[in-house]
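K.L.:
Fit the two chains together into the complex; they arrive one by one in their own frames, and the hints show the way.
Residue numbers (my numbering), protein chains in the order written: chain A, 28 to 379; chain B, 716 to 960.
It cannot be assumed that every hint is accurate.
As a list, the in silico DSSO-like pairs of lysine-lysine whose alpha-carbon atoms are at most 30 Å apart [claimed, not checked]: (1) K273(A) <-> K255(A); (2) K358(A) <-> K863(B); (3) K943(B) <-> K931(B); (4) K732(B) <-> K255(A); (5) K822(B) <-> K214(A); (6) K291(A) <-> K817(B); (7) K358(A) <-> K859(B); (8) K773(B) <-> K255(A); (9) K817(B) <-> K255(A); (10) K865(B) <-> K755(B); (11) K865(B) <-> K358(A); (12) K255(A) <-> K755(B); (13) K291(A) <-> K732(B); (14) K291(A) <-> K865(B); (15) K755(B) <-> K291(A); (16) K817(B) <-> K214(A); (17) K214(A) <-> K732(B); (18) K355(A) <-> K273(A); (19) K355(A) <-> K773(B); (20) K291(A) <-> K859(B); (21) K717(B) <-> K773(B); (22) K773(B) <-> K291(A); (23) K291(A) <-> K863(B); (24) K773(B) <-> K358(A).
Sample of chain B residues lacking proximity to chain A, with all beta carbon distances greater than 12 Å (derived) [said to hold, decoys possible]: (25) D809; (26) D879; (27) P906; (28) E932; (29) I937.
Derived by calculation from the structure, the hints in this document are not laboratory data. All C-beta atoms in this analysis are idealised placements derived from N, C-alpha and C, irrespective of residue type, glycine included.
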Amino acid sequence: MTASVTSGFRFRVTFISWWLVWIAIQAMVISSYGNTITQSMVDSVLCNWLLAACCMLIINNMKYYLPQKERYWYVLIMSVVLSTIWLLIVKFLLKLIFQTDRQYLIFLDLSIYIRFVIGFLMIGCMAIMSLLWYTLQEQQEAERRKEQAEQMTKDAELLKLRQQLQPHFLFNSLNSISALAGSQPEKARHMIQQLSDFLRGTLKRDEQQSVSLEDELHHLQLYLDIEKVRFGSRLQTDIQVAEEVKNMLVPSLLLQPIVENAIKFGLYDTTGDVMITLHAIQQDQHLAVTITNPFDEETAVSTQGTGFGLASIQRRLYLLFARHDLLKTSKTATIFTTTLLIPQYRYESNNH
Amino acid sequence: MKVIIIDDEALARSMVKEYLAAYPDLEIVQECNDGFEGIKAIQQHQPDLIFLDIQMPKINGFEMLELIEHPPAVIFTTAFEEYAIKAFESHAIDYLLKPFSKERFDKAIQKWQQQNQTERKTNAQKLLNTTALNPTQQNRVVLKDNGKIKIIATTHILYLEAADDYVRIHTAEGIFLKNKTMGYFEETLEPQNFIRIHRSYIINVQLITRIEPYEKESHLAILSIGVKLPVSKSGYVKLKQVLGI
Numbered sequence: 028m029t030a031s032v033t034s035g036f037r038f039r040v041t042f043i044s045w046w047l048v049w050i051a052i053q054a055m056v057i058s059s060y061g062n063t064i065t066q067s068m069v070d071s072v073l074c075n076w077l078l079a080a081c082c083m084l085i086i087n088n089m090k091y092y093l094p095q096k097e098r099y100w101y102v103l104i105m106s107v108v109l110s111t112i113w114l115l116i117v118k119f120l121l122k123l124i125f126q127t128d129r130q131y132l133i134f135l136d137l138s139i140y141i142r143f144v145i146g147f148l149m150i151g152c153m154a155i156m157s158l159l160w161y162t163l164q165e166q167q168e169a170e171r172r173k174e175q176a177e178q179m180t181k182d183a184e185l186l187k188l189r190q191q192l193q194p195h196f197l198f199n200s201l202n203s204i205s206a207l208a209g210s211q212p213e214k215a216r217h218m219i220q221q222l223s224d225f226l227r228g229t230l231k232r233d234e235q236q237s238v239s240l241e242d243e244l245h246h247l248q249l250y251l252d253i254e255k256v257r258f259g260s261r262l263q264t265d266i267q268v269a270e271e272v273k274n275m276l277v278p279s280l281l282l283q284p285i286v287e288n289a290i291k292f293g294l295y296d297t298t299g300d301v302m303i304t305l306h307a308i309q310q311d312q313h314l315a316v317t318i319t320n321p322f323d324e325e326t327a328v329s330t331q332g333t334g335f336g337l338a339s340i341q342r343r344l345y346l347l348f349a350r351h352d353l354l355k356t357s358k359t360a361t362i363f364t365t366t367l368l369i370p371q372y373r374y375e376s377n378n379h
Numbered sequence: 716m717k718v719i720i721i722d723d724e725a726l727a728r729s730m731v732k733e734y735l736a737a738y739p740d741l742e743i744v745q746e747c748n749d750g751f752e753g754i755k756a757i758q759q760h761q762p763d764l765i766f767l768d769i770q771m772p773k774i775n776g777f778e779m780l781e782l783i784e785h786p787p788a789v790i791f792t793t794a795f796e797e798y799a800i801k802a803f804e805s806h807a808i809d810y811l812l813k814p815f816s817k818e819r820f821d822k823a824i825q826k827w828q829q830q831n832q833t834e835r836k837t838n839a840q841k842l843l844n845t846t847a848l849n850p851t852q853q854n855r856v857v858l859k860d861n862g863k864i865k866i867i868a869t870t871h872i873l874y875l876e877a878a879d880d881y882v883r884i885h886t887a888e889g890i891f892l893k894n895k896t897m898g899y900f901e902e903t904l905e906p907q908n909f910i911r912i913h914r915s916y917i918i919n920v921q922l923i924t925r926i927e928p929y930e931k932e933s934h935l936a937i938l939s940i941g942v943k944l945p946v947s948k949s950g951y952v953k954l955k956q957v958l959g960i
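Okay, chain B solo, but in the shape it has when bound (with noise of 0.2 Å):
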């Protein structure tokens, strides 16, 4: 079985190496400083779990996660102990709060090793999407693009497009792609500045010069960037509300 440990602090993971030298069987292939490292590695190795922080540089350990394909069992070694984290506790195989004991880290590994493989993948997924609940994720949209890692704050958002099984998000930087659900942003943006104005649109407010009517029971809403978006009744009817008009 293979192991990678992800983590920022070299003590924080002999610790976890330290720990793991009780099971033979699992073998640390690689540890990883930070999450892009962490990306390649799984790529590369394709481990079976993964110890994983969550507070590390640029990208944080969710985000990490978001861009990994089939992402495998995941243990976090966190300090961190906010509200979000209840929302993982039954998604991820377990977490545990730095620093821990020998016996809890065992109590870990065993409900890993009592996990069948289909378990794991639903428990992966639904993981992905409980990871949003994670407060840094309201102000920034991590993806992979061509290859390379972008992170977009929330603010240089213009408005998100859905297309198909992903999420077109559009920037003065130019389009971008992301392979979650219109629903995923609608929940996790920002609600104050990010409103879904039509099945297929959600608009960054602060950009909105004027909205007209059009046709029948629709509008139109026209951006600074010159714009035009369809707003449904419903939409509508958000959109009134928080500009308040």
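Chain A with its partners taken away, still in its complex shape (with noise of 0.2 Å):
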């Protein structure tokens, strides 16, 4: 429902004000041309009062009826009947009031059209206004449906985005634990513990919009300590993050995804032992994030372009922060470099 512009406190006083202003002008007008004061009171008043319900009468009808087609039409026709109506009662009312005064009733005959004209004036400029003012309502309130609509799209594909556990990874670990059941049963237990954490983790983090990146990175040294597990001494990882930068916030489960497509690719591209470092630093107002895994120039097909998993970090960080510059890729002929840029000014706004 859009607000009514008479509803204000404001509204009311400047309303009264404004008629009782005018109901003065006009009252010193008639009394200028030679009528009484109390001829001139009585008709100021009388005529301006009816004026002011008129106005009222076509502010609410706006109210409830806002003309969608040939609007302009609607409020001329309406500001000429009303004004119309209004000079005739006010004409009749003020013939009942003075019939004996001939030097009176010769000056209502006489300015009967600069009546007519005035309060043409007034309806139509109170039509145009409430005309505006609803119609700008109405704007208003289709923007901040959109808004709301697009907020909501944008949260549950974040969601989605955020959410994507790969399940390769959980049914491989779920592997280990297995085969470590058998013949290591304390590892094994350890393993489901690193697990549940990790996995307790996750679901905690679909939550939230955004973690320091210390809590991420714990949650993150979870997954490669799982991983470890998997791929024993030929996973090994290189974690460095500046003092200053520990506390700088990142979207939830923005670098896991990261690094596991750096694992992926680092264990499936090549056959040797792979080093994947991160190296977290400051620049500027952003936090600069720099992972890299080993790759072979000639076989890696697969990572040609940015590759699936980045493709929706990509998008993620779009919809975060609109910009399409966060996230680069660079390769050498044997290391590739992911690098990550994250906006720390957003967050004091836009952390909701």
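P.N.:
Rendered as structure tokens:
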């Protein structure tokens, strides 16, 4: 429901003062034509009180019925009709009150056209004003609804993007646990613990938009520990984080899929040991995270383009920051580098 | 009976090893970390049965199988549960979804023991024909070139040419042979990029610069590298569809 133009206290004060001033002006004008003070006051109060009533009528009319097509014709016709009716009533009442005063009646007849013009202008202006007011309200409402709908789709998409936990990872981990359960039950138990912590962290993070880098790295470490059980000494990691960036904010569950992607390509593109590095530093108002993995230029067909894993990261960054330049990849003959910039300024205003 | 286990995860191999301990007549002759080791081991030992993971370094399990001339019986062990797996179901001895139980493993071994020699051979062949449905193979071709394994991105393929039992793959680097049919490539390569324009030619449409009329009802496609290839009547229809002309 749109707010009524008449509902505010300030509107009422302004509206009443306006008519009081106008009553005074009209009374002065009428008395300057040689009418008595009483006549002028009665005439002016009656005229303007009725006119004010007409204006309220048209404002309220617009509130419930806002013409969509030919709205200006509607305003014009309404104004003409209303001001005519108003004039007839005013004339009738004034004639009734001052029926014995011949001189006043002549004045009334003479001023009838100017009265009509004034009444028409007043009602017309009021109609146009309320038309614009309500149209604006309606547009703002539509805009709000659209924004809300967009926000909802955005949230849903973000949630979906965050939730992309790789089922392969889960099943392979369970397989490792199954293998350990026979020969090394203590280790199996430990790995179940790690996997549970990781899954719990993932579920918890689904509700959060952003977390501190330190938290995110802790979550990442759980993931890496599990992968290290799976791949043994083949997988090595080097994580270096500058002290001043530990409390910086990152979108939750953003780093893990990038590292997962790096590990996947590192492990499946090469046959030797795989060193994954992650370095985080401050860069102006950004947190800069650089992740590298080994790869083989000759056979790395699957890493052409950014690959699905990174495409969804790029999409998430765009939804969060409206920028396309936050994720970059580069490669040399043997190293694939993913560089991620996370703006810190947005979080102050956009963290809901 | 000789068995080889091919899986890049040591724990996954130990799982199979543990289950196999119940079968004293099955001897594990080697364990392999990846497809390259797998190929060597299979050629060296000629095993009766292999346990094969699908996602492995460099070349996946299917690609490895394609490079072996007489593949042994295969039981897949994988966490992959994608649509393609259904196609292998009928032709592989079995596929075990990780993590699998001892009972499930025993069933797979039983299935293998019940198949006779000829069944195994035809199934292995059928298996190879269906592996192409595996999505990773739509963007690369793995083949043997002078004993070395070569991986070619499909984007690097200029065109394919039929050559008896082989297909000649023309790339900027040179020409490579793969023992597959034209039909196989026609089915597996991305249809929006590769068109069979002639009985003997499949072309990378990105490289076409011009199409000229040539004799009666046929045409010539001219590639950016200057090669001219014949286009048959039906090939021209397909080409027009893809190029939107």
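K.L.:
Taking the hints in turn, state whether each one holds.
P.N.:
Checked hints:
| no. | hint | in the structure |
| --- | --- | --- |
| 1 | K273(A) <-> K255(A) | 24 Å, holds |
| 2 | K358(A) <-> K863(B) | 25 Å, holds |
| 3 | K943(B) <-> K931(B) | 17 Å, holds |
| 4 | K732(B) <-> K255(A) | 21 Å, holds |
| 5 | K822(B) <-> K214(A) | 28 Å, holds |
| 6 | K291(A) <-> K817(B) | 29 Å, holds |
| 7 | K358(A) <-> K859(B) | 27 Å, holds |
| 8 | K773(B) <-> K255(A) | 19 Å, holds |
| 9 | K817(B) <-> K255(A) | 25 Å, holds |
| 10 | K865(B) <-> K755(B) | 15 Å, holds |
| 11 | K865(B) <-> K358(A) | 21 Å, holds |
| 12 | K255(A) <-> K755(B) | 27 Å, holds |
| 13 | K291(A) <-> K732(B) | 25 Å, holds |
| 14 | K291(A) <-> K865(B) | 21 Å, holds |
| 15 | K755(B) <-> K291(A) | 24 Å, holds |
| 16 | K817(B) <-> K214(A) | 20 Å, holds |
| 17 | K214(A) <-> K732(B) | 18 Å, holds |
| 18 | K355(A) <-> K273(A) | 22 Å, holds |
| 19 | K355(A) <-> K773(B) | 24 Å, holds |
| 20 | K291(A) <-> K859(B) | 25 Å, holds |
| 21 | K717(B) <-> K773(B) | 25 Å, holds |
| 22 | K773(B) <-> K291(A) | 11 Å, holds |
| 23 | K291(A) <-> K863(B) | 24 Å, holds |
| 24 | K773(B) <-> K358(A) | 18 Å, holds |
| 25 | D809 | 16 Å, holds |
| 26 | D879 | 28 Å, holds |
| 27 | P906 | 18 Å, holds |
| 28 | E932 | 38 Å, holds |
| 29 | I937 | 27 Å, holds |
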